[in-house]
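Colleague: Per my numbering, the very first residue in the sequence shown carries number 419; after that it's consecutive.
Keep in mind that the hints are not guaranteed to be accurate.
Said to hold, decoys possible - With a straight-line cut-off of 25 Å between C-alpha atoms, the simulated BS3-like cross-links for lysine-lysine are:
no. : residue 1 : residue 2
1   : Lys646    : Lys518
2   : Lys547    : Lys510
3   : Lys518    : Lys547
4   : Lys514    : Lys547
Said to hold, decoys possible - Listed next, with one range per pair, are the computed distances between beta-carbon atoms:
no. : residue 1 : residue 2 : range
5   : Phe705    : Trp554    : 26 to 32 Å
6   : Phe618    : Gly649    : 43 to 49 Å
7   : Trp554    : Leu576    : 47 to 53 Å
8   : Val638    : Thr505    : 29 to 35 Å
9   : Phe705    : Asn521    : 24 to 30 Å
10  : Leu667    : Leu596    : 41 to 47 Å
11  : Asn707    : Val571    : 34 to 40 Å
What the hints contain is simulated information worked out from the structure, not anything from laboratory work.
Note that the structure is a prediction, hence the values are computed from the model and not measured.
Glycine is no exception: its CB is placed at the ideal position from the N, C-alpha and C atoms.
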Amino acid sequence: METMRRFFQCSFVRRALVLAGVTCAWGWPAVAWADPPEGEETVQVRIDDVVDQPELPADATEGVPVSSSSAVHAGECAACGGKTTCTCEDYKRLRKAVTKSHNVLFYRNNFSYLCDPCYDEWWPGDYVKRNAIGSWGVLDVGGQYRARFHDEVNMRGLGLTGRDDRFLLHRTRLYGNLEIGSRARVFVEYLDAVSNYENFAPRPIEESRSNIQNLFGDLVLMDTWRGKLTGRVGRQELLYGQQRVISPLDWANTRRTFDGVSLLWSGQNWDIDGFWAYPVPPTPKNFLNADRSQEFSGVWG
Numbered sequence: 419m420e421t422m423r424r425f426f427q428c429s430f431v432r433r434a435l436v437l438a439g440v441t442c443a444w445g446w447p448a449v450a451w452a453d454p455p456e457g458e459e460t461v462q463v464r465i466d467d468v469v470d471q472p473e474l475p476a477d478a479t480e481g482v483p484v485s486s487s488s489a490v491h492a493g494e495c496a497a498c499g500g501k502t503t504c505t506c507e508d509y510k511r512l513r514k515a516v517t518k519s520h521n522v523l524f525y526r527n528n529f530s531y532l533c534d535p536c537y538d539e540w541w542p543g544d545y546v547k548r549n550a551i552g553s554w555g556v557l558d559v560g561g562q563y564r565a566r567f568h569d570e571v572n573m574r575g576l577g578l579t580g581r582d583d584r585f586l587l588h589r590t591r592l593y594g595n596l597e598i599g600s601r602a603r604v605f606v607e608y609l610d611a612v613s614n615y616e617n618f619a620p621r622p623i624e625e626s627r628s629n630i631q632n633l634f635g636d637l638v639l640m641d642t643w644r645g646k647l648t649g650r651v652g653r654q655e656l657l658y659g660q661q662r663v664i665s666p667l668d669w670a671n672t673r674r675t676f677d678g679v680s681l682l683w684s685g686q687n688w689d690i691d692g693f694w695a696y697p698v699p700p701t702p703k704n705f706l707n708a709d710r711s712q713e714f715s716g717v718w719g
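Could you put the whole structure together from the sequences, leaning on the hints where they help?
Modeller: Pasting the structure below:
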């Protein structure tokens, strides 16, 4: 008989700052990473499970998953491969994946870490991501609310106008991402941007009520060992050159978007995008239309 060794996970709190001083905080048990002595094995136990327990036979833990939550994920995600044991490096990798799961463009969000059997934590929103729709689809749902207060002196309007104003900007974004098999998907995003309590009319980039920001379909046209070619048609935001070439203009209350088509090549050595689109100018009206008098096209790699 030998005593089960325990590997402890300490806790930390991640805090995410939302613009305008709205702060949301969530707790997530972090991991204290420690390497076991050479030649010795460790059994991982969550800190809230650490209680006095009777001694167990040496082989009592063989084949037991790290946690019941991990076992559930292993059963739900086909890509898990039946893995039932996790290392410190696995937890480090997953923690990094969680922090990088959201993108400025919501259609580039990546929640694949939820299908990893070693992921057994909980974050607000986890349970509306990677949900199976029958045997043919996977659905992600999410959103964002942002509020920002302005106190402008001698600049209300465009340029130095000599006018002062105080006002509050609100922005709500909601999205749904439906993946149909491995070759198609549909993405839709709703945006409502509004300005309140101002003395003067809001700028064009400050108010746009109840509009469709993204609505497009993707279809994989070719998938080989050299790379994958995807076609995209519909309303879509564009971002290239670290937002220096083209940007969704996230710092404005409204966001920039386009109606058009794109071809996206993702290869072993190169990623190349080609696009042809019409800009959609922001206005306070509902259900914006593209400006067909202007065309915007290019290739980026």
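Colleague: Now tell me if each hint is right for this structure.
Modeller: Okay, the hints, checked on the actual structure:
1. Straight-line distance between C-alpha atoms of lysine 646 and lysine 518 comes to about 23 Å, which keeps the hinted pair within the 25 Å bound.
2. Taking the CA atoms of lysine 547 and lysine 510, the gap is about 21 Å. The hint holds against a cut of 25 Å.
3. Only pairs whose Cα atoms come within 25 Å are accepted, and lysine 518 paired with lysine 547 is accepted, the gap being roughly 15 Å.
4. Taken as a hint, the lysine 514 and lysine 547 pair is honoured in the structure, with Cα atoms around 18 Å apart against an allowance of 25 Å.
5. Checked against the given bound of 26 to 32 Å, the beta carbons of phenylalanine 705 and tryptophan 554, roughly 30 Å apart, stay inside it.
6. Distance hint check for phenylalanine 618 and glycine 649: the Cβ-Cβ separation is about 44 Å, which falls inside the suggested range of 43 to 49 Å.
7. A hinted range of 47 to 53 Å for the beta carbons of tryptophan 554 and leucine 576 is consistent with their spacing of about 50 Å.
8. For valine 638 and threonine 505, the hinted distance range of 29 to 35 Å is satisfied, since their beta carbons lie about 34 Å from each other.
9. For phenylalanine 705 and asparagine 521, the Cβ-Cβ distance of about 26 Å falls inside the hinted range of 24 to 30 Å, so the restraint holds.
10. Separation of leucine 667 from leucine 596 is about 26 Å and departs from the stated range, judged on CB atoms against 41 to 47 Å.
11. Hint check: asparagine 707 to valine 571, Cβ distance near 36 Å, so the stated range 34 to 40 Å holds.
Hint 10 from the earlier list is the only one contradicted by this structure; the remaining hints agree with it.
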